[in-house]
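Going line by line, the protein sequences match chains A and B. Quick note on the numbering used here: the first sequence kicks off at -5 and runs consecutively. Quick note on the numbering used here: the second sequence kicks off at 4 and runs consecutively.
Rather than coming from a laboratory, the hints here were simulated on the basis of the structure. Every residue gets a Cβ at the ideal spot worked out from N, C-alpha and C, and that includes glycine. Check each hint, because a few of them may be wrong.
From the structure, some residues in chain B lie toward chain A, with a derived Cβ separation under 7 Å [as the list claims (entries may be wrong)]:
id, residue
1, Pro76
2, Gln77
3, Val80
4, Arg92
5, Phe94
6, Asp101
7, Gln110
8, Ala112
9, Glu113
10, Glu114
11, Pro115
12, Pro122
13, Ala125
One side of the interface only, derived from the structure: several residues of chain B facing chain A at Cβ under 10 Å [claimed, not checked]:
id, residue
14, Gly55
15, Thr75
16, Gln78
17, Ala118
18, Arg132
Now the in silico label distances, taken between C-beta atoms and shown as ranges [said to hold, decoys possible]:
id, chain 1, residue 1, chain 2, residue 2, range
19, A, Leu91, B, Ala188, 52 to 62 Å
20, B, Arg216, A, Leu264, 51 to 61 Å
21, B, Arg121, A, Glu128, 26 to 36 Å
22, A, Gly88, B, Glu9, 41 to 51 Å
This is what each chain is made of:
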Amino acid sequence: MDFWFSYITLAEIYVLLGLSTNLLVGIVGIFSVSQAAVFGVGAYIVAHFLLAAEPMSFLPALGIAAVCCVLLNVLVTLPALRVSGDYFVVTSFGIQLLATAVFTNWTAGTGGANGLPGIPPPDLFNHPLESTGELTLLCTAGAALGCLAFYLIMRAPFGRLLRAIREDESAVAAAGKNVLRAKVSAAALAGAFAGVAGGLYATFLSFIDPSSFDLDASILLLTMVVVGGARTLAGSIIGPFLLLALPQVLTLLDIPTTIAASMRQLLYGLLLILFMMFRPQGLAGEKL
Amino acid sequence: MSAYLEVAGLQKNFGGLQALQDCSFAIAQGRITCLVGPNGAGKTTIFNVITGFLRPDAGHVVFCDRSLDGLTPQQVVHNGIARTFQNLRLFADLTALDNVMVGLPRQFAEEPLGAIFRPLHAARQQTKRREEARATLAHVGLADRADERVRNLSYGEQKLLTVARVLATGAELLLLDEPASGLSAGALDSIMALLRRLQNEGKTLLVVEHNTRVVQQIADDVLFLHQGHLMAQGTPQQIIADPALAEIYFGGAI
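Required output: the full structure, derived from the provided sequences and hints.
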């Protein structure tokens, strides 16, 4: 039972990340490969406040993390607001490497490669959520709110504006709309999603280290969006649930544990390539 | 009478190419003015400068006694000037209706907070605005194509849709870049009728056009541009009758 709860909880956290990535990459067309970095900052901030000598309670810490990630994501996508497409991928790649370097080497703040152990479970109104069931409920609520926000945005004029921007920025400007402001808003929102996901992740696992927030993690997020389906809510949900199930399926096969991790990366890579070639719209999405 | 739109001394160089050279003209309110001239005369550059997509190296644009110098495309639209593009630039994956709705000014929930925290108000407002957009589509004759994706529309329908999108902005002065090019005879007639209708409703039109038949039929005034400079101005009859202009236009010099 606990196994299922853990799987669902983790998948729900990745649903928030999928929404974040989908919003930026799928809908606005800002091809970010550094969403895991923003996710990591959210996780470290929440861990920092909960591990402090006088621990903060969970919700305020999560709020601070969300605000920081909003600012951070706007900052890291800023180059994309001015230059287009291809150049930004390189910039974003650099940002991701930079973040990994900081996570790994800033030992005083992040525990370095050893990570931060013993992060207390989240609490709601002085009630610590210690059982897996309660944590699952919390993450379900978080993911549901995220999905609701995503849904409301996509059916509002803001969603239409973002889709139009991905297709033709000049035409949007010619229609009298502020392209820059819309992109900044989308980046801010994607940052909030990633920050909240980070906070939930840190408290759920009670241990974080840089390997969860590196380039591989960013590419996993992209794979989730591509496989699930870009630009749709359903795609952002299906992708994480499917790709997180994959390692579990692999454990059923008789593979030595030493190569299981690389096997997983191999499969993720293969999936990404195959979907791009044969089904670019993913399982439940539109063409990227 | 003060001019409705006036451009004065516009200068624009692209590297060594002088796209606009001391280009000046004025257009009057409520009229259809056609901008003609050979390829490379600077017609589209003029559009780009007026609508804020390009900064001129020198010169001024004044609209209704307000200077448009240094404004962004978005601010130019808010001042009442909207444009179409020669290559249409429609949102191909969106429906015809959504293309028009992008152009509607002052929509609620065009930012995330309104969309998330006041969803019911946003939905109600959007229902209202959708009717507005449908009316605009009906106005250009695309009522029954509203929910079709743009990629499934014929070229003629797409051209009409570009006009609907600029109409949605509420602009008074419409800059249309070759609205009639590449159209069949039937589509040509319907777009010319539409332009006339817009004029009767009080819009002012500045139209880049190559087809002399179209120019003769719709233009009140013609501006003849050559090498980035206004070479002649007059009625369509005067311009077409001028052998020197025909020589330039049809490349007789070679």
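Here is what the structure says about each hint:
The restraint placing Pro76(B) at the interface with chain A holds, with a minimum CB-CB distance near 4 Å, inside the 7 Å limit. Given hint, Gln77(B) at the interface with chain A, holds; its Cβ is 5 Å from that chain's nearest Cβ, closer than 7 Å. At a threshold of 7 Å, the smallest CB-CB gap from Val80(B) to chain A is about 3 Å, leaving the interface hint in force. A least Cβ separation of about 4 Å between Arg92(B) and chain A falls short of the 7 Å threshold, and the interface hint therefore holds.
The beta carbon of Phe94(B) is positioned within 7 Å of a beta carbon in chain A (closest approach about 4 Å), and the interface hint is therefore held. The beta carbon of Asp101(B) comes within 6 Å of a beta carbon in chain A, closer than 7 Å, and the hint placing it at the interface holds. Annotation: interface hint on Gln110(B) holds; nearest CB of chain A at approximately 4 Å, less than 7 Å. Look at Ala112(B): its Cβ gets to within about 4 Å of chain A, closer than 7 Å, so that hint holds up.
Hint status for Glu113(B) relative to chain A: holds, with the closest Cβ pair at about 4 Å, below 7 Å. The criterion of a C-beta within 7 Å of any C-beta in chain A is met by Glu114(B), whose closest approach is roughly 5 Å, and the hint holds. The interface hint given for Pro115(B) is met, as the beta carbon of that residue sits about 5 Å from the closest beta carbon of chain A, less than 7 Å. With 7 Å as the threshold, the beta carbon of Pro122(B) comes within range of chain A, its nearest partner Cβ sitting at about 5 Å, so the hint holds.
Given hint, Ala125(B) at the interface with chain A, holds; its Cβ is 5 Å from that chain's nearest Cβ, closer than 7 Å. For Gly55(B), the suggested interface contact is upheld, since its CB lies about 8 Å from the closest CB of chain A, less than 10 Å. The interface hint given for Thr75(B) holds, since its Cβ lies 7 Å from the closest Cβ of chain A, which is under the 10 Å cut-off. Restraint check, Gln78(B) versus chain A: the minimum CB separation of about 9 Å is within 10 Å; hint holds.
For Ala118(B), the interface hint holds, the least distance from its beta-carbon to any beta-carbon of chain A being 3 Å, beneath 10 Å. Against a cut-off of 10 Å between C-beta atoms, the interface hint on Arg132(B) holds, since the closest Cβ of chain A lies about 8 Å away. Distance hint check: the CB atoms of Leu91(A) and Ala188(B) are about 60 Å apart, consistent with the given range 52 to 62 Å. Take Arg216(B) and Leu264(A): their Cβ atoms lie about 59 Å apart, and the range 51 to 61 Å holds.
Between Arg121(B) and Glu128(A) the CB atoms are about 32 Å apart, so this pair conforms to the stated range of 26 to 36 Å. Range check, Gly88(A) to Glu9(B): about 48 Å between beta-carbon atoms, so the 41 to 51 Å window is met.
No hint from the list above goes unmet by this structure.
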